[in-house]
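Enquirer: From first to last, the protein sequence lines stand for chains A and B. Numbering-wise, this note's numbering puts 32 at position 32 of the first sequence, and it's gapless, one number per residue. Numbering-wise, this note's numbering puts 1233 at position 233 of the second sequence, and it's gapless, one number per residue.
Hints are computed from structural coordinates only; laboratory data are not their basis. Treat each hint with caution, since some may be false.
To be verified - Have a look at the derived ranges for each label pair, beta carbon to beta carbon:
#1 B/Ser1103 with A/Pro28: 54 to 60 Å
#2 A/Lys82 with B/Ile1176: 26 to 32 Å
#3 A/Ser221 with B/Phe1096: 57 to 63 Å
#4 A/Lys107 with B/Leu1191: 54 to 60 Å
#5 B/Val1181 with A/Arg227: 51 to 57 Å
#6 B/Phe1096 with A/Ser103: 50 to 56 Å
#7 A/Pro160 with B/Ile1097: 43 to 49 Å
#8 B/Val1018 with A/Ile121: 41 to 47 Å
#9 A/Ile121 with B/Asn1037: 52 to 58 Å
#10 A/Ile18 with B/Leu1026: 38 to 44 Å
#11 B/Lys1011 with A/Ser103: 38 to 44 Å
Unchecked claim - Chain B regions said to be covered by chain A (calculated; three or more residues, Cβ under 8 Å):
#12 1011-1023
#13 1078-1087
Treat the numbers as computed from the prediction; the structure is a model and nothing was measured. Glycine residues also receive a C-beta, built at the ideal position from the N, C-alpha and C atoms.
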Amino acid sequence: MSNLVEITNLTKKYEGKIVLDNISLTIPGGRIIGLLGPNGAGKTTLIKIIAGVMKDYKGKVLIDNHSPGVYTKSILSYLPDKTYLSPWMKVKDTVDLFTDFYSDFDKNKAIDLLKLLNIDINQNVTKLSKGNYEKVQLVIVMSRSAKLYVLDEPLGGVDPASRDIIIDTILTNYNENSSVLLSTQLVQDVERAFDSVIIIKDTKVFVNDEVDNVRAKFGKSIDELCREVFKCC
Amino acid sequence: MLLKLLKYEIKSSYGRFVVAFLLYILIASVLLIFFRNHETLNTSVLVFGIIALCVITFLTIFNRYNTNLYHSEGYLMLTLPVDGKMLMTSKLISAFIWMFALSLIIVPSILILIYCYSEQSLINETYKFIEMNKAYTIVFGIEYLLGLINTVFVIYFSISISKLQIWRKFGVLGGISTYFVIELLSSIPVLLFNNSIGNTKSTTNFSDMVQQYPINSIVFQCFFMLFTCVLLFLATSYLLNNRTSLK
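Chain B with its partners taken away, still in its complex shape:
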């Protein structure tokens, strides 16, 4: 059943993603092949394109969950003989597929931009850092992935909460409040493990990053996010099975 759900999930959304991704690749290829010397133009267009792709991807993923389950299509999806957990899993897997496809476009784009227009030393420094800190890099990557997954879970749960009848006409407000409360609770481990709230993962100064964002903190964060994901998955499935009332 899961594969069947996934098949229709992919069928329903691949068109928009394929068009957006191909358009971006086409524009980026033309710019980098024929106008390679125009650094400002290329950097601006590619960065804007990456932001646009991220917005399209995430909006489509969340809009799909909302309309497919809670609008008129819900009368089809929620009368299929499948459990809420199965529906959730199919939505999550398809969301990860599209996010993975997005990362396959974004990461090479950034690498090409750095390779073409940044100092070679930055690439060498990054390579050296990865070579020297393989475990750190892997854990950091896992944390980044879990962060993405966690975001999808939080938003799916918030959408489901916003559809509860207790809110009456204030469902959107209820959903947004739920999102911020969960995000606030999720930040507790960061506050506990780090003295400075201003820690940032985006710094290019690797030694500072390792110092301010130690590996044990990241590992704890990973476990906490994993726990949150499981909790939100069960809670959202429960809402789908037991608290959903279509209008």
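Next up, chain A with everything else stripped away, as it sits in the complex:
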């Protein structure tokens, strides 16, 4: 299968400091990839560049053979690590907005998932708890039939009981021909879902391999590897 994402010699500086240093990697289609690394390693920066909300970088980034732009935004479903819905919106407005702008958005699927998660679609987004807000964002992102899902810390503010629901939401709702790039610090909760992992350490790619190969090479689970090598995953 051809590569969905091709990154060549990517370097990004932020306020004079190198955040990503000459990174090259590829992401094929039909995979769930964990993007791991300690805080400040550059995971979110890499995700922002792929999502097209961060420019001014050196190197080449191609998503489905296109530079980040209007086309790549139409095939990429991005969940940022922050709340990004407009404060005037009700949950149903966010569903309507995605219906209006993304031809691959499944409105019925989104409404069903919101019902499953006991979220009132008539509620204003500012009235939602942090956990429910993140669930709403995840539901609308996962209700698209995108080629690439890029999820930055989808489990961040969610209680342990809801994490399984969210992981299941991700696993059961993504298109099998698509890829999911998932950044998280809660490796143990989601390790079972990964096909491969990209570990970033000190602005460089430390590991980029199949999960089984990484386990065999280091003799540890991915979670143990992160805890022992980085002491902060």
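Given chain A's structure and the hints, the job is docking chain B onto it.
Expert: Showing chain B alone in chain A's frame:
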């Protein structure tokens, strides 16, 4: 896509505008119906209200551009599959809609104030001037509109410039400097075409205004502003498409 963007743009801001406009209309109506003889009170309240409406309108328009594109909402807006030009156009159209709505309130308010509390001769003189100088009045109106549009363009561009990473922690300073540099450059045609910098459009002496602010100067100014608007539109769209990095 443009209509869809415009729909969400209007939805996001109509509440504040409708409340402010209706409140002003209510207060003005009560004062002019029940307290019409209190000239000082009515004039003060209405003028203060007009200033407040202008401040609310312009602050909302510019704050909307800033927060919607460059704060957390930017993660939603800048990941929509639309071009920067389209985003800019939707913001501009909604800004013009609100400015037009504002003018629908301000102009009648001023006319009512003049009708109620000024000498009748002023209204007659204005009417006569418009009748005699239709072309001048139209060109003057166009220049005024372009001036408003130009101001919106300059501030949108300055906001976008202030978000560039080159400024590091001095983005606000960079934005303000950009605004003043553009305003300074924009004043060059006025300086070239008029001998006196002190020319003012607000004078009530119409003959002096026509003399000091001739029609060919206004026409040139219109073309210059049109050129500036196109340039700023393209530059701001370029920044949105190619130089935006959300924090």
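Enquirer: Confirm or reject each hint.
Expert: Here's how the hints hold up against the structure:
1. B/Ser1103 with A/Pro28: 54 to 60 Å: holds (57 Å)
2. A/Lys82 with B/Ile1176: 26 to 32 Å: holds (27 Å)
3. A/Ser221 with B/Phe1096: 57 to 63 Å: holds (59 Å)
4. A/Lys107 with B/Leu1191: 54 to 60 Å: The hint (54 to 60 Å, Cβ to Cβ) holds, given that A/Lys107 and B/Leu1191 are roughly 57 Å apart.
5. B/Val1181 with A/Arg227: 51 to 57 Å: holds (53 Å)
6. B/Phe1096 with A/Ser103: 50 to 56 Å: Once the Cβ atoms are compared, 29 Å apart, the range 50 to 56 Å for A/Ser103 and B/Phe1096 is violated.
7. A/Pro160 with B/Ile1097: 43 to 49 Å: Distance hint for A/Pro160, B/Ile1097 holds at roughly 48 Å.
8. B/Val1018 with A/Ile121: 41 to 47 Å: Cβ of B/Val1018 to Cβ of A/Ile121: about 25 Å, so the range 41 to 47 Å is violated.
9. A/Ile121 with B/Asn1037: 52 to 58 Å: Taking Cβ atoms as reference, A/Ile121 and B/Asn1037 lie about 54 Å apart, which means the hint holds.
10. A/Ile18 with B/Leu1026: 38 to 44 Å: violated (59 Å)
11. B/Lys1011 with A/Ser103: 38 to 44 Å: violated (21 Å)
12. 1011-1023: That given contact holds, which follows from 3 residues of the region 1011-1023 of chain B lying within Cβ reach (below 8 Å) of chain A.
13. 1078-1087: holds (count 6)
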